[in-house]
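There are 2 protein chains.
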Amino acid sequence: MSDFPPLKNDTFLRAARREPVPYTPVWMMRQAGRYLPEYRALRAMDAFFEVVRTPELATEVTLQPLRRFPLDAAIIFSDILVIPQALGLRVEMVKGKGPHFPEPLAGPADLARLADPDVRRDLGYVMEALTRTRHALEGRAALIGFCGAPWTLMAYMIEGGGSKTFSASKTWLYRHPEASRSLLDRIAEVCAEFLIAQIDAGAQAVQVFDSWAGLLSPEAFAAFALPPLRAIADRVKAVHPEVPCIVFARGAFYALDALADSAYDVIGLDWTMDPREARRIVGTRAALQGNLDPCILYAEPDVIRAEVRRMLEAFGPVGHIANLGHGMHPDHDPAHAAVFVEAVHAFSRRTS
Amino acid sequence: MSDFPPLKNDTFLRAARREPVPYTPVWMMRQAGRYLPEYRALRAMDAFFEVVRTPELATEVTLQPLRRFPLDAAIIFSDILVIPQALGLRVEMVKGKGPHFPEPLAGPADLARLADPDVRRDLGYVMEALTRTRHALEGRAALIGFCGAPWTLMAYMIEGGGSKTFSASKTWLYRHPEASRSLLDRIAEVCAEFLIAQIDAGAQAVQVFDSWAGLLSPEAFAAFALPPLRAIADRVKAVHPEVPCIVFARGAFYALDALADSAYDVIGLDWTMDPREARRIVGTRAALQGNLDPCILYAEPDVIRAEVRRMLEAFGPVGHIANLGHGMHPDHDPAHAAVFVEAVHAFSRRTS
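Residue numbers (our numbering), protein chains in the order written: chain A, 426 to 777; chain B, 426 to 777.
Errors might be hidden in some of the hints.
Same chains, same label: a pair holds when it works inside one copy or across any pair of copies.
Calculated pairs, BS3-like style, for lysine-lysine (alpha carbon to alpha carbon, straight line, at most 30 Å) [what the hints assert, rightly or not]:
1) K522 / K662
2) K589 / K522
3) K662 / K589
4) K589 / K520
5) K433 / K662
6) K589 / K433
No wet-lab data here; the hints were simulated from the structure.
All chains, please: the whole structure from these sequences, using the hints.
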């Protein structure tokens, strides 16, 4: 790894460690994606998972938003569903509908169908894309690796795609608690190995996306989703104690205290969480990331700037990584994303 | 109204007023609906809005769950989208997809398209169904009327149906704040008139469903959704101070304190809210309703009973109306709903 270009912009890593920064660093969830015409042009030629699996293309897509905006972090272009794929499940991306598993897990007996993956081999394309991207970035921004959280991946593996109520996967928790725990632990092991391999390949921070955490009651989250989430950070930190780990458990407002007690360095907030209240609960135990409502990017630039200013004041200057509270939407205007990024830098510099 | 049969079971109304009860009253959101074979049989002959608009049928459907389960409240069978219909918008129920507005509001200029409804005339079928049902109930259970909340109705009127991100309606808030307020106030006025008319027709309590409250940031909820919600309760209470008003703002965990400060007597909780934490925030300002995860009804009876016991202990015996944290699902087993209802009665009687 010693041949990577030196990091010239360490604001993201410093904020993740709650160290002083000259301005609040900023990146955007799904900053590489369909809202960018250059991404749509590339996708016109290749299918989604083709891009994910081709390191040259994944690197190119990862860098696209960095060419437009002065972002302080890049996140590798990939998908949380590469782990279910490595576990042997087929996943297709259906245009306009999202991911689809032709053969989801129908019951605990199907756990026997799951493969025992070697992530460095089976998901080697992600590691290769990270190494390439780390070089190509030339130290302009930190590089983030990621994976889906065990509960969220389990939910997809059972539902076979998105769902209104996710009742099939939640039913597993209540009908098959032991099989659920066994599946979650198995996924957590793969997640940890995968994140460690991503760091070895060049990731300077890692984020775990628990996109469907908010579907669970506080008890179910504590009983099922939290233990494997904690295990992942423990295992990654044991190998790479210096690399910031970020957790984004969307909708799990009730879990802030428990997450602050875990090994994660940064807690991502969705836009429904009040930054001041989050600070009150988390204190100095973790940095916070977030959390502008992505819909604010549909507003006029002046409104975006006013909302950014309010967000920055609410989080304060220490231990804050500015971001949206959820991913970019395909119909967002890149010019408005630029306003968001620039406003974070301008206002945080002014007030620091 | 004096010719209505006397209420023989006032546990629901007493709990709503935080008065002592012999056992915790219980009802289930969407207790009348597709999970009941007798409902599906009736719907095989008539379209959804046909049932809603025919008082005999609406009464029949309202009573169906009461024949199966010892529920302490009936909720009139209707739909929150009758208000957009009264405002002049066409709404169709598309099988398997939910509501669809062929001509949603495209922009503020479309507000001129909205009619000025006379709810007692335009929605008279709801009032007639309430009067019929109140007689037919013979005092066995309290009768609840309801409406959708202004923000939730505005969201449907702009999106034209369900949506993944509700970005069109949220964009209105940020791009057209004045037009949004004007629309919300207009809907709130209709809601209040409608609830007052429902009470006049026989409703013994009313519930306002803000199903999409949780899509909003705390600031946006406070700025847009809360004022019209408060206005509705203020207006209803000015005319019918003795009738309990319930608010169910799904996902708006951050709004508990503000809602407790409003004129609502009862706050409905979705399943992500911790009952003890809700009690801590709300105190004695309101009764609480909820909040078992509907997915628990997919579990074995013993698991349902254990979860009901935990829920009852968490809420305590005073000022609690047991319910699910969201509506019944179409694939729920009525036998499991029976287990839920019976467990609430059995355990709350035992522990009181």
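Verification of the hints:
no., hint, in the structure
1, K522 / K662, "neither (36 Å within a copy, 45 Å between copies)"
2, K589 / K522, "both (13 Å within a copy, 11 Å between copies)"
3, K662 / K589, "neither (35 Å within a copy, 35 Å between copies)"
4, K589 / K520, "both (18 Å within a copy, 15 Å between copies)"
5, K433 / K662, "within (24 Å within a copy, 63 Å between copies)"
6, K589 / K433, "neither (44 Å within a copy, 39 Å between copies)"
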